[in-house]
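Participant: Chains R and P are the protein sequences, given in the same order. Quick note, the first sequence lines up with residues -8 to 253 if you use the working numbering. Quick note, the second sequence lines up with residues 9 to 305 if you use the working numbering.
In case anyone wonders, no lab produced these hints; they're calculated from the structure. Predicted model only: the values in this text are computed from it and were never measured. Hints may be right or wrong, so weigh each one.
As the list claims (entries may be wrong) - If you anchor each label on the Cβ, the simulated ranges turn out as follows:
1. Val19/R / Ser206/P: 45 to 53 Å
2. Val285/P / His102/R: 31 to 39 Å
3. Arg190/P / Asp164/R: 31 to 39 Å
4. Thr232/R / Val194/P: 37 to 45 Å
5. Gly17/R / Ser206/P: 31 to 39 Å
What the hints assert, rightly or not - Cβ-to-Cβ under 7 Å is the rule here; a few derived chain P residues that face chain R:
6. Glu198
7. Ser202
8. Phe203
9. Pro217
Said to hold, decoys possible - To give an idea of the interface, some chain R residues facing chain P are shown, with a C-beta separation under 8 Å as derived from the structure:
10. Met53
11. Leu55
12. Met78
13. Leu86
14. Pro87
15. Trp88
16. Ser98
17. His102
18. Tyr129
19. Asn131
20. His149
21. Leu221
In this text, a Cβ means the ideal position worked out from N, Cα and C, and glycines have one as well.
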Amino acid sequence: MPTGTDTDCVIRLDSVSMLYPTKSGGAVRALDDVSLSVRAGEFISIVGPSGCGKSTLLRIIMGLSRQTSGRVTFGPSDDTHRNRLGMVFQQPLLLPWRTVRKNLLTSPDLHGARDAATRAKADELLVMLGLEEFGDRYPNELSGGMQQRVGIGRALMHDPRILLMDEPFGALDAMTRDQMGLDLLRIWDQDRKTVLFVTHSIPEAVLLADRVVVMTPRPGRLADVVDVGLPRPRRLENINTPEFGEIVLQIRKLLNSEHSAH
Amino acid sequence: MSTNTERHAAGPETPAVPDGETASTGAPASSDTPARSRRRRVPEITYSVLVFIGLLAVWQAVVDLFDVSSVLVPTPTAVVESLIQGLRDGTLITHAMVTLREILIGFGIAVGAALTSAVLITQFRTVERVLFPLLILTQTIPKVAMAPLLIVWFGIGISSKVLTVALIAFFPLLINAILGFRSAAVEQVEMLRSFGASRVQVMRYLQIPSALPHIFAGLEVAVILSVTGAVVAEFVGSSEGLGYLIQATNFTLDVARTFAVIVVLSAVGIALHAVVVRLGRWLVFWTATPVDAAGEV
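Extracted from the complex, chain R is given alone in its bound form (with noise of 0.2 Å):
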């Protein structure tokens, strides 16, 4: 079980399970006993197959769905933690009817908080994302890639601690998929949110993150954390790496061990 010393442990889960109710009147069990210390500024990526509980996860951290048993505390000395979490779905899901920019400034409108700075600060996320010239077109006037990158800086914009992200990037081909995950790297290496990405791509998952958390379904369990030593900033490049290529396969060999031992 990994340990983060506690003084700089953001979030922290222990023992949580889920059970789901069944139409026949039994249970299924979508995590069990699952621990983990999330530090502060880690980027951490949650693989495996579908089915292992690992978007479960991420929704019983927000807040939209509640665990069973086992507890969620964040760290380290706020209680109110609603507005440390910002959420990226699988989908862009952008509001048809607001452009581009009222849809970064979904947050801020929500909280009475659209002054000076926040439209400021939302032209600034435009210039970051490479959507400059799109501000005031509307959702379906752009391509999916560009929908998920605006629906990315909507929680940015909200200003989370911790940014929790859904397969994101599951609904894009390959190539905008490799592009978007470096541009992620760059917004987050300004100022190293503490980042929770879940996606079924193991070689995305090593790409992007400091510790890949590695889950086996069926009970939805956390396998193991395989720490990722890559110098950053990583490139795509990294890829090709024997290094890479040789963490990619040791949580590909975690993956099928456990699938074996079924």
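Dock chain P against chain R, hints included.
Facilitator: Same frame as chain R, now just chain P:
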């Protein structure tokens, strides 16, 4: 909003959309659509008009050739004459205004009642459980069958007509509004909740805009039904209005005038429908294709 002016350097052919004000259907589409639609839409309309004129000519010819009695079928020219005369002496206009008033008030009541009910039904489980079965039950009653009762209860004045219109327009609006308020994706709701949105904010930011396409689909059906409702109510008992005029001219065998009234009624219906469609396209600028109305009569 207008801090950077050179943002459209990349796409000068597509006009900017200022806050949705002028964003009609075609605005967000790429630059090749206007040309394509011009090639296609204009002939379609031309053909329809030509067919219509052709049918009128056939009608005129048949009536003239076979010497059909004007009490059965008047010629189109006789109808036009009667129409012009009716418009000149003001009969058609006065009666049309009466009917229009009934339609507008009744329609307004229906819109208000349907939207309020839809919000209550979609927001509160108990309201839904109590009201929804009753609504489904009453929906099966043919609303025009209620018109005689309403005349008995509310007299032959405007109130019985207004109520008939409201009753007939209410249900398609309600069904579509309920569909609309439920149409927002769960993921969208969760997205807003993840940003700390309250229930009222989810309503305002998501559910109301998502409902608009459905509401307008319902409005399009309801506005046409409103015209029917007003005419039926006037048939049952009235002393003015276009429905009354149809019965009166039928009684005096002035069939040309009956046809003229039908023309005016159609014009009223088309005009009201056009207003709703226009308003819908202006408000619901983000969907290119309108939503189908949930079937209901």
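Participant: A separate judgement is required for each hint: does it hold in the structure or not?
Facilitator: Here's how the hints hold up against the structure:
1. Roughly 32 Å separates the CB atoms of valine 19/R and serine 206/P, a value that falls outside the hinted 45 to 53 Å.
2. With their beta carbons about 37 Å apart, valine 285/P and histidine 102/R fall inside the hinted range of 31 to 39 Å.
3. A hinted range of 31 to 39 Å holds for the C-beta pair arginine 190/P and aspartate 164/R, which are about 33 Å apart.
4. At roughly 42 Å, the beta-carbon separation of threonine 232/R and valine 194/P lies within the given 37 to 45 Å, and the hint holds.
5. Checked against the hint of 31 to 39 Å, the C-beta distance between glycine 17/R and serine 206/P comes to roughly 36 Å, which is consistent with it.
6. Residue-level restraint check for glutamate 198/P holds (minimum Cβ-Cβ distance to chain R is 5 Å; threshold 7 Å).
7. At about 4 Å, the closest approach between the beta carbon of serine 202/P and any beta carbon in chain R falls short of 7 Å, and the interface hint on this residue holds.
8. For phenylalanine 203/P, the shortest C-beta to C-beta distance to chain R is roughly 4 Å, which falls under 7 Å, so the interface hint holds.
9. For proline 217/P, the shortest C-beta to C-beta distance to chain R is roughly 5 Å, which falls under 7 Å, so the interface hint holds.
10. The closest approach between the C-beta of methionine 53/R and any C-beta of chain P is roughly 6 Å, which is under the 8 Å cut-off, so the hint is satisfied.
11. A least Cβ separation of about 5 Å between leucine 55/R and chain P falls short of the 8 Å threshold, and the interface hint therefore holds.
12. Hint status for methionine 78/R: holds, given a least beta-carbon distance of 4 Å to chain P, under 8 Å.
13. Because the closest C-beta pair between leucine 86/R and chain P is about 7 Å apart, less than 8 Å, the hint holds.
14. With a cut of 8 Å, the hint placing proline 87/R at the interface with chain P holds, because the nearest CB-to-CB distance is about 4 Å.
15. Below 8 Å, beta-carbon pairs count as interface contacts, and tryptophan 88/R has one with chain P at about 5 Å; its hint therefore holds.
16. Satisfaction of the interface hint for serine 98/R is found here, the shortest Cβ-Cβ separation to chain P being roughly 4 Å, below the 8 Å cut-off.
17. Interface hint status for histidine 102/R: upheld, as the beta-carbon distance to the closest one in chain P is roughly 7 Å, under 8 Å.
18. For tyrosine 129/R, the interface hint holds, since its Cβ comes within 8 Å of a Cβ in chain P; the closest pair sits about 6 Å apart.
19. For asparagine 131/R, the interface hint holds, since its Cβ comes within 8 Å of a Cβ in chain P; the closest pair sits about 6 Å apart.
20. For histidine 149/R, the suggested interface contact is upheld, since its CB lies about 6 Å from the closest CB of chain P, less than 8 Å.
21. Hint status for leucine 221/R: violated, given a least beta-carbon distance of 31 Å to chain P, over 8 Å.
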